[in-house]
Structures are given as structure tokens and as C-alpha cells.
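Colleague: Sequence:
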Amino acid sequence: MSLQNKFLSKELSDKFWKEGLTLATAESCTAGSIASVITAIPGSSHFYKGGIVAYADEVKINLLNVNPETLATKGAVSEEAVIEMAKGAMKSMNSDCAVATSGIAGPTGGTPDKPVGTVWIAAAKRDRVITMKATGDEGRNKNIESATLNALKLLLKLIQNQENEQ
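Counting from 1, one number per residue, gives the positions in the sequence shown under the numbering used here.
Misleading hints may appear alongside valid ones.
[What the hints assert, rightly or not] Cut-off 35 Å, straight-line C-alpha distance, at most; resulting in silico cross-link-like pairs (DSBU-like, lysine-lysine):
#, residue 1, residue 2
1, Lys18, Lys133
2, Lys74, Lys91
3, Lys114, Lys49
4, Lys133, Lys15
5, Lys157, Lys133
6, Lys6, Lys114
7, Lys114, Lys18
8, Lys91, Lys49
9, Lys153, Lys10
10, Lys114, Lys142
11, Lys6, Lys153
12, Lys91, Lys6
Please keep in mind that the hints were generated in silico from the structure rather than gathered at the bench.
Could you build all of it, start to finish, from the sequences and the hints given here?
Modeller: Right, dumping it as C-alpha cells:
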């Protein structure tokens, strides 16, 4: 785990503990790496409920309640899909928060509209969802590492903004 991932994971852990929040993950292109980074910090079992690695559309539909119409019209790598994945993870795991990723890690699978390295990320807390789109192909491993880091940053941004609003 990179030093930056470890730092972010520790900061997230502290915030989830302080706020008494729970977290679930829904990962496609990151294939469990977000869950791995989060659970590398001792005490994560107090707030981390679990994750679903949803590579296949049928898993997104059946376990995360992603609307098949969303996948048919927008695709799995879309803002709409990751929002539904995050909301579905919160519902299926009864958590306060969730983070979801879907993208094209590579080296193949890209299209002109969604080239390799395109990743959508959503972070959700109850009724609030924020998203980001990352682009740029640095090779499969680096694409996954970058998506993991961006997901942690987005989740932290969501939690910090929530604290500021209270």
C-alpha cells in the first residue's frame, strides 16, 4: 500500500470512528483494492461493513440494484451506474456511507467515447452523493492504483463536507 493510501485510510478511519458512521464498498475496476486499503488499518471492523466486487453487470443488477436500463443506455462505466452502485451498496449492507467505482483499467476494453483509463467514482452518505470522473491511461496497475486513491480522496471530501455543513 502506498504511503498516501495508508495516510488517507487512517484519516478516513479516524473520521468514521469519530462520527459513528458505517461504510460499504461497491467495486468494479478496482476489484477490492479499496476494501483492502481500508481494512489494512487496525480497527476498521468497527465501521467497515463489507464490499461487493461487481465485475459482471448481473452482479451490479442483482446485488447492488443497478437498473438494467441504466446499464443498457449509459453503460457500466458511467456516472449514473456508480451512483446506483453506491446507493445499492448502502442499502444491501445497511451502511451510512458507500463508495463505488466502475471503469476501464485496461489494457483493452476502451472505446472512443470511453478510452482505457476512464473511471467513474461515487461517494455517498445517506441522501447525498458526489461523483468524479478520472481519465488517462497509465497502464492497468497504475490505473487501478489511481482509481483507489481517487476513491479514498472523494470519500474523505464527502465526509469533510458533511462535517462542515453540520
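Colleague: Look at each hint and say if it fits the structure.
Modeller: Quick rundown of the hints versus the structure:
Distance check on the hinted pair: Lys18 and Lys133 sit about 29 Å apart at the alpha-carbon level, within 35 Å; holds. With a C-alpha separation of about 22 Å, the suggested pair Lys74 and Lys91 falls inside the 35 Å cut-off, and the hint holds. Between Lys114 and Lys49 the CA atoms are separated by roughly 32 Å; this keeps the pair inside 35 Å, and the hint holds. Between the alpha carbons of Lys133 and Lys15 the distance comes to roughly 24 Å, so the proposed pair stays at or under 35 Å and holds.
Using a Cα cut-off of 35 Å, the hinted pair Lys157 and Lys133 holds, with the two alpha carbons roughly 15 Å apart. Only pairs whose Cα atoms come within 35 Å are accepted, and Lys6 paired with Lys114 is accepted, the gap being roughly 30 Å. Straight-line distance between C-alpha atoms of Lys114 and Lys18 comes to about 39 Å, which puts the hinted pair past the 35 Å bound. Pair hint Lys91 plus Lys49 holds up; C-alpha atoms about 12 Å apart against a cutoff of 35 Å.
Proposed proximity of Lys153 and Lys10 is supported: the alpha carbons are some 12 Å apart, at most 35 Å. Only pairs whose Cα atoms come within 35 Å are accepted, and Lys114 paired with Lys142 is accepted, the gap being roughly 17 Å. The suggested pairing of Lys6 with Lys153 holds, with an alpha-carbon distance near 12 Å, which does not exceed 35 Å. For the suggested pair Lys91 and Lys6, the alpha carbons sit about 27 Å apart, so the restraint of at most 35 Å is met.
Going down the numbered hints, you'll see the structure goes against just number 7.
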